[in-house]
Structure formats: structure tokens, C-alpha cells
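**Student:** Residues per chain, in single letters:
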Amino acid sequence: MTVILAPTPVTVADAPQLPFLVRFRLKGTPWIPILILLLIIVAAMGGESIAPHDPNGLDLGAAFRPPFWQAGGSYDYLLGTDNLGRDVLSRIIAGARVSAIVVLYAIGFSGAIGTMLGIMAGYFGGIVDMIIVRITEIMMAIPTLALALIFTATMDPGLSTVIIVIVLTYWTWYARIIRSEILSLRERDYVAFAKVAGCGPVTIFLRHLVPNIFNTLVVLMTLQVGQVIIFEASLSFLGVGIQPPDTSWGLMLADARQYITYAWWGITMPGIAIILTCLSSNLIGDWLRDLLDPKRRQL
Amino acid sequence: MTAAPLLQVENLQMHLHLRRGVVKAVDGVSFEVHEGETLGIVGESGSGKTMTCLSILRLLPIHSDGRLDGSVKLDGEDLLQLSEEDMASRVRGPKVAMISQDPMTSLNPVYTVGDQVSGPFLYHKLVRTVREAMAAAAQGLRRVRIPSPERRLKNYPHQFSGGMRQRVVTAMAIACSPRLLIADEPTTALDVTIQVQIMNLLRSIQQDSKVGIILVTHDLSIVAGLCHRIAVMYAGRIIETGKVRDIYRNPQHPYTQALLQAIPHLGQKRSRLAAIPGQPPNLIDPPKGCRFAQRCPKRMSVCDDYPPATDLGDRHVVNCWLAAKQ
Amino acid sequence: MRIVFAKGLLNALISMLGASLIIFIMSRLSGDPLSLLLPMDAPQSAVQAMRHELGLDRPMWDQYLIFLWKAVQGDFGRSYRWQMPAIELVFERLPATIYLAMAAFAFSLALAIPLGVLSAVRRGSWIDQIARIIAMLGQAVPSFWVGLLLILVFAVNLQWLPAFGADGVQHVILPAIALGWYPVAAQTRVIRSGMLEVLDSDYIRMGRAVGTPERLLIWKYAFRNALLPLVTIMGVYFAYMLSGSFVVETVFAWPGLGRTVVEAVFARDYPVVQAGVLITSILFVLSNFLVDLSYSIIDPRIRL
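Chains as they are written, first to last, in my numbering: chain L, 202 to 500; chain E, 5 to 330; chain U, 2 to 305.
A hint or two may mislead.
[Stated by the list, open to error] In silico lysine-lysine, DSS-like type, Cα no more than 27 Å apart, as pairs:
id: 1; chain 1: E; residue 1: K302; chain 2: E; residue 2: K292
id: 2; chain 1: E; residue 1: K129; chain 2: E; residue 2: K214
id: 3; chain 1: E; residue 1: K247; chain 2: E; residue 2: K329
id: 4; chain 1: E; residue 1: K247; chain 2: E; residue 2: K302
id: 5; chain 1: E; residue 1: K129; chain 2: U; residue 2: K71
id: 6; chain 1: E; residue 1: K158; chain 2: U; residue 2: K221
Since the hints were made in silico from the structure, they are not lab data.
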């Protein structure tokens, strides 16, 4: 015998999200991370042509020059030089290019494969779902770096091996998340309404599932930029990733480790490059997530 | 009743500072509760009933920056002036306790019922050892008529039904024989038959211990059976208060009248529950005048000013221009 | 309880089996392992004999079953480099890795629990800000760089702690911090959001309404509930520890399994790589299984 005092307003809580560009707002935009990321993208595109020195130019006479603000440093080598006299800044710029290539290909492929399998698992269900889920579970049972090591132990290390390894280990994330997204979307009222209203599977897919998945993908991919960069750096640091004469931030750290006692900048500068890139992409990813999905906005 | 009231609340205000602005959840509420008396607080959700109760216990909703003003005198002592330590060690439990709305979520799922019911005995030093506390807890469960209490102490909340859980919560609340018991919609989440049992339990506890009860509800049929007096809340304020009989037979405020009309009566053709059109005002920036005016069928131009309290005798007080003009 | 146990064990077995299959496929992807075993100019007959001896002339499935059968018996072959059975080498190096992982785990929890709880209890305070910054940095700073920085500051500049080796407690401090660094961020976040949710719950309010002391309310009644989400991610972070041990052990020259496997990769010492990775995976699967079990101990609702 409950007294109904006021009509409850009917809310449409689960309507599909608008594409993110429409909802773009200036308030709260992480300008500094965007700026840093843009700077790194410019460095990656320019590569050696905008580097002040040849990243591989040996000059033993100029070895171990400190950064410009320290005694003995010069504006010629802004961030100092390494044990072989190579300019640290130029090598960081060259490394940005490698990182960008790895990120682009690895995230592109793992995202595409993972999304496809995730959609298949979620949409078809049954045996297809079971097999795909099982495979992702098994892949996740092997520590990612161990998987990478066993793979690189048999393949020749290098840029393409790094990309393949990352794709092999990262597609499971997309598959799992997209699958659960599809599963929950299928249960939503508006999808059910669309079905009742006589929309075919293709219409439902394009009108209702794709926009939602698109948002999730954008966020997931952005958040994964940092992880991929760290993963690549770890592989290169171990010596099973990028091989000289190519350069990468992880490789620079591996080199600099040998002379850690002589030149602090050797390990500091590439590390800062990694951190700034990861931090920026993570912050942008968090911002995008809040922007695209208000429901997940945390306290 | 000429004796000093057990609880005297005067001009109580609870303002919550949220990102959107300051919500005046409770905005100048005054009432009193005597020993052995039950006051029903009635109103729709968001009218400030629960917030009023939490204010008495000084439990502000977490994650919000809140401010309490006015006075809440229990046995003459102003609770709003006490330190937080005093509130925890002296007041909450032995003086005022609360039964909250949903028995399914009011018990900690990862501790046994015995642990939770025996707690208050230990915190307020009514017993010295854990063993004594467990014995007291068993006694407490017996008091709320839970069968084989010793055995049930070892059970976890999920092993109890909803009605049984509300009994456990009640046992926890009355463990230290509080002077005032606040029951915040104690039966909303329960089946009708269980509701009656819990209400009977509250009544018998009151007969045994002379405890004052504040019963918060939006279900007027419950109020009639258990309460001595009623306070009707709307948008953070009490708009009418009086003895149950006076409120039922002679409601003065149009809002109270609408509430009563909304109760289906036995024998009456139950075609449709009357709903009051419109929505309660925004509590961030409430209207200056009568807060019900926008929805009121008898609105007058004078309603733009806040109506004064009119005493109709026998502590029946209403804030409405209609009553003030007579 | 028995059903939970049996189900978990079955899942764990399937995962281990799958891991062994993947390891097998991966190590055969490159083509002929013989090219490394025999000199380039070995006669065709010798190649054939070797191929037959290793079972490489049989179908892939047979080869996998042979690999699996031998793996179950602990036979991964002999290490080319160390001249001992690969499995013995792995078990010889494993304790050091587990010791390091435990130390790292202890470090991360010792930091994350107080940080997470206090940042939830005092929301918006300076401690909450610190937790926020750590959470942000945790994901962005690679553990091997933390290791290098720790060496630079504490071993090279301050000379407080040794940078390499494993002779005593002082040797484990820096590697444990480097390895435990990343989980601190995630664990702090999980505890914080768990605590925030629990502190807002009806039962905590009920506890407060009967005068439960704040200290008990937070550390006993709320904390145990907030622990549940932490336990679920524990398996993930143990996996991270194992994965991270490859890098961190290399940075600190820690004589554990991780560094041994990395060295074996360079030496193309396949038996050691296979055994090391498979044992790591099994450890990981087992730890997940144990986490599932402990979950049912903390939460009485799923005790059967």
C-alpha cells in the first residue's frame, strides 16, 4: 500500500552515445598531454631530418658530454652525448619514430584482430564464443614477456618481430572487452526494441552496436599506447627487441646502463621520454573515457 | 504531556555542499519526541526525512561536505555541540540508535551476526569479555524473537531471510537500550506480512523500555497503527504536525490532504491512486514562499511569502496561509 | 567448496595444457631447430638421423604429444649452455625469483594498503593527492627504468645499497622496489575505490549508528570488504611480477629464473627457455587458482 506521490520521470538512460567529436568540449581538456603527444608525433614524423645530429654519428672525441646546463655541456648537444659521442636528443627523436611505428602497427593489428574475434564471440555465442574465450584465457595464462621471449628466441629479433609479439599478446584484451561489451549491449532495452521493431541484424549492428564499440575502442587504444611503448622498451632493453643500427628508447637505456656511473643523463633522458609519452597518452585516454562514457565516470 | 521532551529538535538545518551547489536537505526543522512516544515522519522521497534522522545522529552522507545548524537536545544535552568522540562513545548506541532502510544491505556480509550484534556491548563497555558479549548478543537475538539464537550467532547475514535480518539489525540497535530509536523506513523492503511482524516487534520493544521512536515512512497506513503523532515533511521542512487522529480527521495543509487522499481505503473502488501533479522544488535554490505552492490546487497570491506556523490547539501545528487566515 | 575446488583445478589444468601447446607452437614457428644443433655442412644422413632421434619426422600432433609427455616427466632436454637437464637448472634458479617476487609483493602491499585506505578515508587530503600521483606514475614508468634510477641514486650516488648480486637482505631491497613499483599504483587504486564504495554502504553507516569506534569501522569492518577486489587482481599482479622479473632480474643481475631465461634466449638454449616459460606459466595458473580459493575464504557468501 505504497502511496505514489509523484510520477517518476521516465529516463532514457541507455541511449547510444553520440560520436565523440560532437560531444567534444573544451572544458577539462588535457592540453599539456595533447601538446606533448603532438610534439612526439612531430619528432616521429620528422625523424632524422629534424634531429640536430646524426643519431648514429660516432664522435668519440665528444663522448660523455653532459646536458647543456651542466658544467662541460654545450648548446650543441642539448641533452648530452653517450659513450660513443652520439647526441642523446637526436637519438630520442629517432627513437620516437620507432615507437610511433610500433604503436601504430601493433595497436592497429591487435585492435583489429581482437575486435573481430570479440564481436564474433559476443554475437554468435555458443561454441565460437567458448573457443575464443578459452584461447584468450590460455594466452593470458602465459606472462606476456615470457611469451615474447619464447617467440623472439626462435625468430630473428627486429622491428617486425616486436610488432608481431605485441599483436600476439595484446589482441586478447580487445577480444575480451569487446566481447563483454557486445554481450551487455545485446541485453539493452533499445537493442531489444529495435529487434521488436523489425530491424535486421545488420541495422542493429550498424546503428546500435558499432557506435558503442567505437567509443570503447578509441579509449582502449589510447590507453594502450603507453603499455605498448613500455613493452617495446622492455624488449629492446633486454636485447630481443629493436636491433642496432635502429634506435629505440629501450635500446638507449640498455646502452646507457653500461656507463651508468659516468653519465646520469644516459638513463634519465630516454626514461623521461618514455614516461612523458605514457603519461600523456594515459591522461588523454582517461579524459576520453570520461568524455565518451559518463556512466563510467568515477567519483 | 508536561514533562520535558526526550528529544527536542529546534531549527535544524543540514546543508550539503555539492559540486552543483548547496543543497538545503533539511531547512529549519523543529519537533519533539517524548519518552515512550512514537513520532511518524511522513513525506515523499527527497523531502528530507532520512536526512533529518541522520542529522540527529550527526551522520552526514559520506563524500559530501555538510553543515549542521540549530540544536538537537537529547535529555537536555545539545548533540550538535558534542565532539565526534563523544558522539561515538556516549551517544550512538546507548542514547540514540538507528534501524536503517534495507535489511539486505545493513549487515556486514563478511562478518558473522554474532560479531556484529555483540559489538555494541563491547564498544560501550557493558561487558568485559568477548564471551560475555556473545551471551549478551544471544540474549539480544532472543529479544527480537529469533529462534535458537546461540546457533544463529555463528551464521553470516546471507544465511538469514530479509525479515530475520531486520530483526538482527533491530537487535543491534537496541543492544545498549537506547533512549531514542530511529527507524528509517524499516519495512519498505519487506513483504507485507513481515512488515506487520516488525511493527509489532517495535511496539513491544517500546512497551518494555519506554523508548522514544522516530518512524520515518512514506506509507501512511503504517503510521496510523504505530505512531502517536505525525510530522509531515515537504522539501526539507515540516509543514504540518499533530496527533495521528487530528492529522487523519482534520488535515489542514493541502499537501497532507493530498497524501491522505492517495491512500486507498477498504471498500472504496480502487480504480487509481491519486497522484499529486508536478515535482518538488529544487533544494539548491528553493522558492522563497510556500514550497508546495507550485503544486498546490488552492494556491493564493499570499503564498509567495512563507506561511507562519498556526497552532490549532492540542499541538496540531500547520504552516499554511489557509489555516492562518481563518 | 569441493565443487569450487574441482572446477578451479579443471580450469587450471586446461590453461596449463593450452600454455604448453602455445609454447610448443611458438618454438616451432621458426622452422627447423636442427639448423642450430648441427653444423651447417653436416651430411644429409646425419640430419636424417638427428631428425628421427628427436622425433621431428613425425606429424606435428605426435611431436606435441611427445613434447607434452616428456614435459610432464620433467624432461625438457639438456641445456646446451649449462650442460645439465634444463628442468634442474630452472628449479635451481626458481627460489631466488620467488623470493624476489614475495619481497616485491610485500613492498607493494605495505605501501598500497595504508595509502589506499587513508586516501579513501580522507578524500581530497594531501595523502589522497599523493595516492593520485603515484597511481598516475605507476602506469607510465617502466619497472626497469625505476630499477636503473634506484641504482643511480642509491647505489652509485649515495652508495647506501648494493646494485648487483644477491648475498643478503640489503641486496633484495632495490630489486623489490623496482618490481613492486607498478602494482603499488594499481593496488592503491583498487583499495581506494573499494574503500570508498564500502564506506558509503549501509552496513558501515549502521555500524557507525551503534557507536562502533572509527578505527574498528575502517580497519576491521570496511577493510575486509574492500579486500575482496584486491584479492581478485592479486593473480594478475603475481603474473606481472613473474613477467617483470625477466627485466628486473636483468637490471640487478639477480640470479633468478628470469635472468636465466633471458640469457638462454640469447644463447638459443631452447630447452631452458621452454622449461623456464612453461614453469612460469604453471606458477601463474596455480597462483590464480589459489587466489580463487582464498577469495572464497574471505567472502563467506561464496563458501559452499
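**Student:** What hint numbers does the structure not satisfy?
**Tutor:** Going through the list in order, the structure violates hint 5 alone and respects the others.
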